[in-house]
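Visitor: In case you want the letters, here they are:
Number of protein chains: 2
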Amino acid sequence: MSDTAADHSATDPGAPAGGRELSGTALMDKVVNLCKRRGFVFPSAEIYGGFRSAYDYGPEGVLMLRNVKDAWWRSMVQMRTDVVGLDASILSPPAIWEASGHLQNFTDPLVDCTKCGHRFREDHLEDLGTCPNCGAKDSFTGARAFNLMFKTHAGPVEESAAVAYLRPETAQGMFVNFANVLNASRKKPPFGIAQVGKSFRNEITPGNFVFRTREFEQMELEFFVPPDQGAQWYEYWCRERVQWYRELGIPEASLRLRAHDAEELSHYSTGTSDVEFLFPWGWGELEGIANRTDYDLTQHSRHSGVDLSYFDQESGSRYVPHVIEPAAGATRSMMAFLIAAYDEEEVRGETRVVLRLHPRIAPYKVAVLPLSKKETLTVTSREVLGLVQGRWMSDHDETQSIGRRYRRQDELGTPYCVTVDFDSLEDRAVTVRDRDSMAQDRVPIAELVGFLAERLP
Amino acid sequence: MSDTAADHSATDPGAPAGGRELSGTALMDKVVNLCKRRGFVFPSAEIYGGFRSAYDYGPEGVLMLRNVKDAWWRSMVQMRTDVVGLDASILSPPAIWEASGHLQNFTDPLVDCTKCGHRFREDHLEDLGTCPNCGAKDSFTGARAFNLMFKTHAGPVEESAAVAYLRPETAQGMFVNFANVLNASRKKPPFGIAQVGKSFRNEITPGNFVFRTREFEQMELEFFVPPDQGAQWYEYWCRERVQWYRELGIPEASLRLRAHDAEELSHYSTGTSDVEFLFPWGWGELEGIANRTDYDLTQHSRHSGVDLSYFDQESGSRYVPHVIEPAAGATRSMMAFLIAAYDEEEVRGETRVVLRLHPRIAPYKVAVLPLSKKETLTVTSREVLGLVQGRWMSDHDETQSIGRRYRRQDELGTPYCVTVDFDSLEDRAVTVRDRDSMAQDRVPIAELVGFLAERLP
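Protein sequence lines correspond, in order, to chains A and B.
When you line the first sequence up against the working numbering, it's residues 1189 to 1645, in that order.
When you line the second sequence up against the working numbering, it's residues 1189 to 1645, in that order.
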């Protein structure tokens, strides 16, 4: 076969020779390394030495994070008639956090070492006798409550009236807008308000890559129901949410729903379950689903003086809706999808790294690859790109050998590579390579969109 | 005709009787009122008396804002091969803002009244002799520079090493990640990095609804070019960006490109133009397009000690890329689209309010309306909804008279209403009503998706 051949398997890794078992630190290191190398995640402000465990999402990361959020939005808002969206302000007044309880209770117990001045979470110190930083003995102050909300001032004067907090969760935006949404949307319970957006928590010990960061992105639903339907909707949302992760590719063995026991439960909650993923360091929370009863609306009614009860015209009764809250982390979900998708296999004596991402969340759905940079191929590959890029996020890569470009797309999780070769100029067909099987199909350009549409969501 | 008739024009406002001329305060009031009534924009924390000119985007507003941002992303990232995306952290260290010049220069001159303590922007006071608040004479302090960045602390100790700023623009995220993106994406100049996200400026005088708010959303592109191509790419992006607003429905008479004169130009810029929209109170900036030369990368190279020059292998030359920056406001663009789309017309003695939004940015593309709530129609209308909602954001509304529901969808800017009536059960067809012409077509359910696909992007 010549190098213009329609079948590029000679330069392709070939059939899989069996995946490797990867786990623990080794897997974590590989995923973090791939994230940096392939443009998923960069340490924030890296040229200035980084900034306190903050991260930026690079070209591929921003596409994948958008896809995760869009998949959630599609499932929770677009495909339902009983949920509407919201996008509330991050800056918010103390009154909201007083009503919600965050000002009083959203705290960690901190102790200071009087010798070196270092500050620690008391509950993270195994031994209070000796400072882990300077070794001083019995040097700790008593524990003080440290509020985890970021505080700033809005307006020209740094006075108490100007205090604003960066929201530590998106949820309160839905509660304080409950009446506004009810009036404008004309929905009635059971119905929900959904929001995707950034939240901020001044964590004392961020860590595990993007799992725990001070700035993170949430996907939250507050679902308002008649009080006697709380239990059934709680069960419903537990099932739905586990299913969402399963459908997007988290294997059953790495996913579990864990009900909080009595000690873990908030005083107002009658039931909370965490959707947990088996991270390389152990089980970690992706999402919490809580039956919050009427706590939130009642608190805001009391503190604001605005009646947030609902009058049901059909039954003639008035009640404060109960709230079922599935609250997911977008950034840590993305991390779970990356870890679950990471795979290595031996192919012809070389290691192929491939992200077996669900097509819906893969950064690119299609990569168009002209076999060479020659002008004749560029024209056709641009034509092919023009057919697909309006419909699917597509990459176009014309440098390096075709084998190396396949490997690059494997590492990005691109489900289909479309190769334009010199035969394409004659037969008006292209080679479509499947990421997972590495199988190649010769497809007429005129049928390409249909071919891909059958295989992509 | 019976009330089950396929033609619903008897309950429809009928043919337009000529639009009204609306302008100034009257137009502004109507748009603001519609935004609240129909769930586009709510005052933030309204049940607590609002919060310092902050706003929340309601069910329809969040859809429209997403559409505006997605239209930008599609045009700037998805449909191009020379631009990649980024999503950088909002919390950022002082080092970035020292290098960018924001710590020193991003200030307003403020004066205090020594009698009442009120603080004013010096350049907004017409007469420095008398306090506009308390009337005291000659009571002002000298002007002091007030930095417009929001300041907070990351970590458990409020010390200088923990100072963080909320970014006042997304642009710096692209500059500090320039080398990371270059390595990971293998792009080379001319190429761009695009970002959509929230920025924060502690404005002394926010106002004009969502035009100037302390928290707002930006859509910024930093386009890196060889130094000798700066002028031509600046011209290119000026043309492109004006065209984007035109294509999404801003009429020519309400849009202009205004070049800054020498006095307005930043010291490093060789050219800046604003895309301006004719708001009810006059021309206001939607977007600035600036030729920032090599200022940003040079500053960050100096301050970080990291070389941010680019070595061009083809020409064998090394240079610091020049930057062309089209920086748009997402929230104020949404406001401009709303104002431009707002229309009223007299129809059969009644006023029809209609948002003539481009379909791409309308909150819903389709509304499915069963003529009555009867079970027989619900089944078919759910079937119809199932055909369209996977592809287009769709509303489903089954309460009130069909005429009132049409009016509601007109006010939301929904391009097509699909009405399921009792005839639909027999003829397997639905009535599709066009928002602008109010014309009605009877379309077989089997052909509905095709019919809409021809008319919607």
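Fair warning: there could be bad hints in the mix.
Just so you know, same-sequence chains aren't split out, so a pair can sit in one copy or run between any two.
[Said to hold, decoys possible] With a Cα cut of at most 27 Å, we get these calculated DSS-like pairs of lysine-lysine:
#1 Lys1303 - Lys1386
#2 Lys1224 - Lys1375
#3 Lys1325 - Lys1303
#4 Lys1562 - Lys1303
#5 Lys1339 - Lys1386
#6 Lys1386 - Lys1561
#7 Lys1375 - Lys1339
I should point out that these hints are in silico values taken from the structure, not numbers from a laboratory.
If you're wondering where the values come from, they're calculated on a predicted model, not measured in any experiment.
Visitor: Since the copies are identical, ignore which copy is meant and state whether Lys1224 and Lys1375 lie within 27 Å (CA to CA) inside a copy, between copies, both or neither.
Guide: between (45 Å within a copy, 16 Å between copies)
Visitor: Can you give me the call for Lys1339 and Lys1386, within, between, both or neither, at a CA distance of at most 27 Å?
Guide: both (15 Å within a copy, 17 Å between copies)
Visitor: Treating 27 Å as the Cα threshold, decide for Lys1303 and Lys1386: within, between, both or neither.
Guide: Neither. Shortest intra-copy (37 Å) and inter-copy (41 Å) distances fail the 27 Å Cα cut-off.
Visitor: Can you tell me if Lys1386 and Lys1561 fall within 27 Å by alpha carbon in one copy, between copies, both or neither?
Guide: Cα proximity of Lys1386 and Lys1561: none, with 42 Å in one copy and 39 Å across.
Visitor: Could you figure out if Lys1325 and Lys1303 sit no more than 27 Å apart (CA to CA) within one copy, between two copies, both or neither?
Guide: Within. Shortest intra-copy distance 9 Å satisfies the 27 Å Cα cut-off; inter-copy 54 Å does not.
Visitor: Pop the pair Lys1562 and Lys1303 into one bin, within, between, both or neither, using alpha-carbon distances up to 27 Å.
Guide: neither (68 Å within a copy, 76 Å between copies)
Visitor: For Lys1375 and Lys1339, with the copy left unspecified, which applies at a CA distance of at most 27 Å: within, between, both, or neither?
Guide: neither (35 Å within a copy, 39 Å between copies)
Hints 1, 4, 6, 7 from the list above are not met by this structure, while the remaining hints are.
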